[in-house]
Amino acid sequence: MTLTSETVEVSADPRAQYDRARAERWSDGAPLLPATDDAITALLAATPYPADHALCVLPPSNGVATIELIAVNAAMAGCEPAAFPFVVAALEAISEPEWNAFGLTTTTSSVCPMLLVNGPSRDDLAIDYRAGCMGGAAGRGSMTIGRAVALCIRNIGGQRAGETTKTVFGQPARFGFCIGEWEERSPWPSLAERRGYTVDQDVVTVHGGKGTFPLADIHNDDARDLLYLIAKSIAFPLSNMFLGNVQNGEVVVAFNPMWAERFGAAFPDVDELQHHLRENAWQPIDLWPAPNREILRKKGRVDADGRVHLVGRPDQIVPIVCGGLGSLHAIALPSFGESQMQSHAVLRP
Amino acid sequence: MSADTIFVRRPTATPAGEVRAATFSLDRPIAGVHVGIRTDGAWRSWRLIASVWDEYLRRDGAVTTLVETGGMVGNTGANDRKHIVELADGVDCAIVGLGTCGSCTTFTIKDSVVVEQREKPVVAIVTEEFEVHGHNVATHLGHGDLKVLVLPYPLEARPEAELRAIADEFYPQVLTQLGVVTSGAGA
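For the protein sequence lines, the chains are F and C, in the order given. In short: position in the first sequence from 1, add 1063, done, that's this note's numbering. In short: position in the second sequence from 1, add 2, done, that's this note's numbering.
Just chain C, with the same shape it has in the complex (with noise of 0.2 angstroms):
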């Protein structure tokens, strides 16, 4: 140290993210798999979404459960953390959403990881503008390689039929995402 220079001390830490979990994959077809389904009531696209995949989904053999989350804190979020925890022991695979908001993707990857703590396949829904930010949290939740699939941005105000076509276009890539075997299965 000079007369010039003083030492000081860093006060930043080191993100966490070194650990990154396995993923885990179906590599089987869907019909007979159980794929839970995790809604958000915030979102009524969502809900819009979810509910066509899940009617593919039973049309193509599978058995769904869904569970509505709509809480981060007191009664209504330990319910529905615990919802969560008994639809990961229950099934096979499961798909989370929806990411559109900061707190909310900060939650679907947070559920999405209880799947994967269960060395099960999992697929967390996000939008566009919080895809960064999902990956963000999946790699500090140690959790970086957590598949993630991205929906276009905004989804909210979109009409139906819009939103239905969206549904249309991802259901396959929501079923690549999951390891499903497929020959050309689609909407």
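If we strip away everything but chain F, and leave its shape as in the complex, we get (with noise of 0.2 angstroms):
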């Protein structure tokens, strides 16, 4: 395999390279692993694609994404080759236009591609699913893949704070954001297969998040008064939700085990929970200040009650399981809004 982008001759010192990567401006601030020929082509062995397939272009700067180059970010974080086509899949779902990469990579926000994956390789490949799935937990999987994507955006993309992309405070998953969905403990389908995918397919789905939110709770023992707090938390009143438009984008809900055991008994099937937190997540438009009002009822945003609902369908809300089994907290994934959730299977030779 003959490998066509650009050689560069590096001190073989860790922490020489470390300081090239930063001066070259290869680097998120954190050390990398060298992008060798080796490295490079066993990642691209596990996937279909040709090394010179340009698999998208990518936003800021358009930069083309070969498979090639691809690998090279790949290898810098460090991925495993058998998780390297998670980080294309996860490449093809941003580059689709319905998730707006364009915006989503130069706005002032704090968004950024959240990876929630699906499939039977969560665990061979250390995507982190249970405890500290969304930071600590130090999954291989979970850690390298989201940064080679970070990465690629980064390097390929262009974007840089300040410069390319206007985000205000970005956000510490602008490293890397890459969990798993613990399918086994939830009472409903997954995130994939509602999605249409099967069990037995691997799949990436990415959101435009804008962080992590959390929601904690001990003094609700009813299903149905819990979900209805979350509706309430989740729909807050600067939420971006509210600035845009009402059928765009998505909150993800990440529910621990627990209290999706507890759901689920309440809720067997996830429309119902889904229409639950749609209705009840919402605020007053008393709420608001004068000027606020005025602009949510332009927009159509107020309904006959008065009410202000934070999205317009139920499957906007959007319920995954994942982390440890001390139940009491849940995490949402606010939503850019200007974006749509997207998926891709994840493809081998």
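No lab work stands behind these hints: they were computed from the structure. Among these hints, one or two may not hold up.
[Stated by the list, open to error] Straight-line alpha carbon distances no greater than 25 angstroms define the calculated BS3-like cross-link-like pairs of lysine-lysine that follow:
hint: 1; chain 1: F; residue 1: Lys1295; chain 2: F; residue 2: Lys1362
hint: 2; chain 1: C; residue 1: Lys149; chain 2: C; residue 2: Lys84
hint: 3; chain 1: F; residue 1: Lys1361; chain 2: F; residue 2: Lys1295
hint: 4; chain 1: C; residue 1: Lys112; chain 2: C; residue 2: Lys84
hint: 5; chain 1: C; residue 1: Lys84; chain 2: F; residue 2: Lys1361
hint: 6; chain 1: F; residue 1: Lys1362; chain 2: C; residue 2: Lys112
hint: 7; chain 1: F; residue 1: Lys1362; chain 2: C; residue 2: Lys84
hint: 8; chain 1: C; residue 1: Lys149; chain 2: C; residue 2: Lys112
[Said to hold, decoys possible] In silico negatives: residues of chain F with every beta carbon more than 12 angstroms from chain C:
hint: 9; residue: Tyr1260
hint: 10; residue: Leu1292
hint: 11; residue: Ser1296
hint: 12; residue: Arg1370
Every residue, glycine too, gets a C-beta built ideally from N, C-alpha and C.
Hints given; two lone chains; assemble the complex.
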């Protein structure tokens, strides 16, 4: 296999490599592994695409993401070959027009691609879905797949804070965010199944998420009451979802397995659960000051009862199951709004 | 390669932007020209400035068509892009704004490019903080010479009188950017 990307001679000393990567602006600030030909070739052997295949064009700078260039970044992130097709699937999802990569990579918002993985390879690749899955669990798959995708956006897409992206704060997940769903503890079909895939498929779903929004409770025994409070909590007044169009965007809500079991008993049908969440995810129009009220009314966001719903449809509130067995907590992944979640199956040779 | 060095592969791509599409100029008086104005439901300030310019353009003999955008994806986004294409097809030139956030600047430039691709004069309106970003997006879309008019930043939260003064101050510059032949047109 002949590689065509530019060869660069660097020091064999890891600390000197780190300095060089920062000087060349290949780095996200943390050390990287050297993208040697051996490492890249091993990754390329794990995908059905030829090395010179142009998978997509990545904004903001519209760099052409060839499979080889993606593999270079994945090698730097430490991806093992079996994980590389997940990186490719994530980039295929990101480049779907309705994910709105042009908008999301340049916005003042803190939004970034949040990768949600379903399928049989989660354990083999150490894609975290149990305790600490959103930070701290340190599974190789989660850390390297998420970081590889983030490096591709940085190095191929040219995303640079303060230069090509206007993000005001950024967020930790811009280093990389990749979690699995604990499908075996979910009372409902997995996220991927609900999106048309089968249980034996590995699937990456990309959510344009603005961060992790924590929710906690120790007082409610009734599943409906707790879901009511979760719905109210995710409908916070300054959510992006109240800025844009009610039919766009999804809010992911990650339930711990203990809560999921309770919620599943009350709502065996996930559609009913989503309906209950949607029906309660609203705030009264009087909550907002007069200028906001005027805008919300003009946008048709206020119903006959004076309610401003977070989303227009139940399927825009997306439950997943993951996290530890300590219960007590849920995490919402609020949406940018003008972005539609996208999924791609993982393809192998 | 010595024992002290290794070879790695460069991970970066060359940014798009080698192509610089042509820009266009009216080269005639504004009277009788059909001007498209693209506003954005997100920005009250821009709607006000655009309304002032709309009034002045009609006063000066132009015909105007306004399109307000508000979506990037879904049905709203698809409808917005359809309306921009229709606007670009139907007008002689266009004023497209407002770039005063990251994503809205991106879409302001993208919608401006739709007009320029039809070989018609267009000026993208951005605020100072988003000027570089606007030029970057235009360059990466192959329209690095796209005409961009820069308004003060921030516009939001200014009193209406200030916004009207800004509209007055910059109206002649809009005409200049569009290539209007004028004998001292102004507010």
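Against the structure, test the hints numbered earlier, and report the numbers of the ones violated in rising order.
-> none
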